[in-house]
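If you read the protein sequences in the order shown, they are chains Z and S. Quick note: the first sequence uses our numbering, first residue 1, plus one each step. Quick note: the second sequence uses our numbering, first residue 1, plus one each step.
Simulated from the structure, these hints should not be mistaken for laboratory data. Note that the structure is predicted; figures quoted are calculated from it, not measured. The C-beta atom is built at its ideal place from N, Cα and C for all residues, glycine as well. Each hint should be verified, as a subset may be incorrect.
Taking beta-carbon pairs under 10 Å as the criterion, some of the chain S residues facing chain Z (in silico) [said to hold, decoys possible]: (1) 86; (2) 135; (3) 230.
In silico PhoX-like links for lysine-lysine, alpha-carbon gap of 20 Å or less [claimed, not checked]: (4) S:81 <-> Z:215; (5) S:138 <-> Z:201; (6) S:117 <-> S:64; (7) Z:201 <-> S:240; (8) S:113 <-> S:145; (9) Z:171 <-> Z:108; (10) S:26 <-> S:64; (11) S:157 <-> S:134; (12) Z:150 <-> Z:113.
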Amino acid sequence: MNRRRFFGFLQKEFRHIFRDRRTMLILFGMPIVQILLFGFAITNEIKNVNVAVLDKAHDDVSHDITNRILSSEYFHLYQNLNSEKEIETAFQSGKVKVVVVFENNLAKNIYSKNIGNIQIISDATDPNTANTIVAYTRAILLNYQQDLNKGSKPPAIIQTEVRMWFNEELKGVYLFVPGVMTIIMMLVSAMMTSISLAREKETGTLEALMVSPLKSWQVILGKVIPYLVLSFSITLVTLGLSMFVFHVPIRGNIFLLLGEVLLFVITALSFGILISSIAPNQMAAMLISMMGLMLPTIILSGYIFPIDNMPVPLQVISNIIPARWFISMLRDIMLKGAGWSVVWKDTCVLAFMAVVFLFLASRRFKMKLR
Amino acid sequence: MKQETENIIEAIDLEKKFGSFTAVNKISFQVKRGEVFGFLGANGAGKTTAIKMLIGLWSPTSGKATVAGYDLFTEANQIRKNIGYMAQRFSLYEDLTVIENIQFYGGIYGLRKNILKERAEELISELGMESFRKELIKNIPLGWKQKLALSVAMIHKPKIVFLDEPTSGVDPITRRQFWDLIYKAAEKGTTIFVTTHYMDESEYCDRVSIMVDGRIEALDTPSQLKKQFNAESMDEVFLKLARPTGIQI
Numbered sequence: 001m002n003r004r005r006f007f008g009f010l011q012k013e014f015r016h017i018f019r020d021r022r023t024m025l026i027l028f029g030m031p032i033v034q035i036l037l038f039g040f041a042i043t044n045e046i047k048n049v050n051v052a053v054l055d056k057a058h059d060d061v062s063h064d065i066t067n068r069i070l071s072s073e074y075f076h077l078y079q080n081l082n083s084e085k086e087i088e089t090a091f092q093s094g095k096v097k098v099v100v101v102f103e104n105n106l107a108k109n110i111y112s113k114n115i116g117n118i119q120i121i122s123d124a125t126d127p128n129t130a131n132t133i134v135a136y137t138r139a140i141l142l143n144y145q146q147d148l149n150k151g152s153k154p155p156a157i158i159q160t161e162v163r164m165w166f167n168e169e170l171k172g173v174y175l176f177v178p179g180v181m182t183i184i185m186m187l188v189s190a191m192m193t194s195i196s197l198a199r200e201k202e203t204g205t206l207e208a209l210m211v212s213p214l215k216s217w218q219v220i221l222g223k224v225i226p227y228l229v230l231s232f233s234i235t236l237v238t239l240g241l242s243m244f245v246f247h248v249p250i251r252g253n254i255f256l257l258l259g260e261v262l263l264f265v266i267t268a269l270s271f272g273i274l275i276s277s278i279a280p281n282q283m284a285a286m287l288i289s290m291m292g293l294m295l296p297t298i299i300l301s302g303y304i305f306p307i308d309n310m311p312v313p314l315q316v317i318s319n320i321i322p323a324r325w326f327i328s329m330l331r332d333i334m335l336k337g338a339g340w341s342v343v344w345k346d347t348c349v350l351a352f353m354a355v356v357f358l359f360l361a362s363r364r365f366k367m368k369l370r
Numbered sequence: 001m002k003q004e005t006e007n008i009i010e011a012i013d014l015e016k017k018f019g020s021f022t023a024v025n026k027i028s029f030q031v032k033r034g035e036v037f038g039f040l041g042a043n044g045a046g047k048t049t050a051i052k053m054l055i056g057l058w059s060p061t062s063g064k065a066t067v068a069g070y071d072l073f074t075e076a077n078q079i080r081k082n083i084g085y086m087a088q089r090f091s092l093y094e095d096l097t098v099i100e101n102i103q104f105y106g107g108i109y110g111l112r113k114n115i116l117k118e119r120a121e122e123l124i125s126e127l128g129m130e131s132f133r134k135e136l137i138k139n140i141p142l143g144w145k146q147k148l149a150l151s152v153a154m155i156h157k158p159k160i161v162f163l164d165e166p167t168s169g170v171d172p173i174t175r176r177q178f179w180d181l182i183y184k185a186a187e188k189g190t191t192i193f194v195t196t197h198y199m200d201e202s203e204y205c206d207r208v209s210i211m212v213d214g215r216i217e218a219l220d221t222p223s224q225l226k227k228q229f230n231a232e233s234m235d236e237v238f239l240k241l242a243r244p245t246g247i248q249i
């Protein structure tokens with residue numbers, strides 16, 4: 001009898017969700033689009049940058065360097081310039097991003113005076129890209145210099161060998177996948193649940209439910225389960241997409257990862273219930289979850305802006321944001337292959353938050369209706 | 001007739017306070033089994049508060065009450081199974097179809113599948129809603145929604161149905177049909193507890209109570225009330241009660 005009641009309720013909830021095709025499309029479409037965007041479009045890497053060369057030397061060294069620059073996959077020779085005047089026109093065309101200028105008698109200067117001058121001029125209308133391009137060009141030049149000094153005994157040199165662990169190619173997707181997953185889970189779990197409960201409140205159906213023999217925990221559970229299923233499956237889609245399309249690794253234990261996902265979903269769901277117990281209608285529920293949840297999650301969770309770079313007060317505030325702990329765990333598990341011994345602290349924090357939210361939510365919910 | 005004398009609702013000194021404001025001030029009344037009991041009062045007189053206490057949504061500050069033979073304070077779960085409730089805003093799901101709404105409410109009242117199916121068919125044919133079966137609630141006219149909401153509130157054949165201003169915003173023809181449905185249910189022995197502020201509707205009730213400022217000021221059959229207040233109509237009775245200073249309009 002009791003089970004039948006509950007399953008009837010569950011069936012109704014799924015009907016609400018699946019009937020609302022547009023929302024479903026947004027919910028499944030958004031993470032896919034975001035991951036694709038972060039993967040393909042938004043990237044700090046540079047590829048096929050158009051370079052122009054003004055070679056006044058025309059000797060071995062200048063040819064050698066030019067060849068090295070062009071043989072890297074980053075640069076592409078757009079044109080050879082003949083005079084300084086042409087540099088400006090080249091930049092104005094918008095095609096050329098960097099110009100390399102070799103001085104007269106470059107090779108001679110290097111061998112006799114030990115100093116050769118090469119100028120790198122870049123289009124800094126976009127400072128970030130300009131910086132990156134210059135850094136890449138410098139690296140190639142430095143490389144050449146080292147080769148040049150190979151035979152002779154150079155004065156003391158500190159060689160730095162840099163490796164970017166956990167993301168050797170500095171792929172932006174690696175950073176964004178955990179963030180996108182978190183935002184979507186927040187959205188589906190907290191926002192959708194709070195809106196759905198607030199809608200029942202707004203239309204008066206919640207009253208009808210409370211008058212019926214359904215218990216209030218059954219109502220809450222019936223609201224929670226569908227969204228739990230929904231956000232879990234969206235998470236799987238997001239994960240699958242980032243694994244198979246962008247080869248984002250899952251170096252840690254997948255079950256640990258899924259376990260943490262479940263924990264976070266529960267935290268977010270209880271937050272959603274708390275919101276709906278405060279909000280009188282759908283509009284308010286949406287506003288509260290947007291302003292009180294989504295914005296802090298996006299800004300303060302370390303999703304885009306590194307927490308360590310924030311002013312201290314904001315760092316402190318970021319501690320109360322569940323997503324902060326979750327994103328850090330995701331990165332640990334997925335990219336660093338960390339295990340339980342690393343993430344147990346963050347897990348405890350998240351679990352504690354879930355308990356607190358659940359407690360507050362169930363108290364408020366009862367007070368409101370009984 | 002034993003049925004006529006059995007009290008299905010008994011309230012003794014029922015009181016509800018919100019802070020220092022007393023919404024319902026120690027009301028006592030009885031409703032007999034099978035009665036159509038009208039619960040009248042101006043807006044803000046305390047009708048809705050009283051009804052919400054009786055259906056277990058709000059707990060009374062003090063007093064005693066039994067509903068359907070169960071104690072309001074200790075046996076709320078039993079009460080829930082034996083009552084139906086239709087709120088001012090009808091409580092159907094707009095994005096579900098007629099049949100899905102019926103199935104849902106039948107389900108949460110624990111009806112078995114085969115019984116539910118039977119009841120659903122019965123209900124749809126009684127209302128003449130065969131053509132609306134698979135229509136979403138948001139697409140059917142208000143009058144139909146209202147009638148459907150009433151029938152759905154009674155899908156589990158409760159002993160008492162509480163109707164909180166069920167006919168507000170409905171055209172006169174639908175109101176008439178609505179009262180036909182109420183009578184039909186009453187004939188089958190269901191007790192009807194209905195609040196309204198349409199005074200003509202109060203004439204349809206077996207007995208009527210009139211609430212003013214949280215208190216029940218009068219309770220009797222419509223004809224007795226008219227006699228008592230020396231009035232032509234219930235409208236007049238109501239005005240005399242609600243405006244005791246005798247302001248004439």
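Hints versus structure:
{"no.": "1", "hint": "86", "in the structure": "8 Å, holds"}
{"no.": "2", "hint": "135", "in the structure": "13 Å, violated"}
{"no.": "3", "hint": "230", "in the structure": "40 Å, violated"}
{"no.": "4", "hint": "S:81 <-> Z:215", "in the structure": "12 Å, holds"}
{"no.": "5", "hint": "S:138 <-> Z:201", "in the structure": "17 Å, holds"}
{"no.": "6", "hint": "S:117 <-> S:64", "in the structure": "39 Å, violated"}
{"no.": "7", "hint": "Z:201 <-> S:240", "in the structure": "37 Å, violated"}
{"no.": "8", "hint": "S:113 <-> S:145", "in the structure": "24 Å, violated"}
{"no.": "9", "hint": "Z:171 <-> Z:108", "in the structure": "41 Å, violated"}
{"no.": "10", "hint": "S:26 <-> S:64", "in the structure": "10 Å, holds"}
{"no.": "11", "hint": "S:157 <-> S:134", "in the structure": "24 Å, violated"}
{"no.": "12", "hint": "Z:150 <-> Z:113", "in the structure": "18 Å, holds"}
Hints 2, 3, 6, 7, 8, 9, 11 from the earlier list are contradicted by this structure; the remaining hints agree with it.
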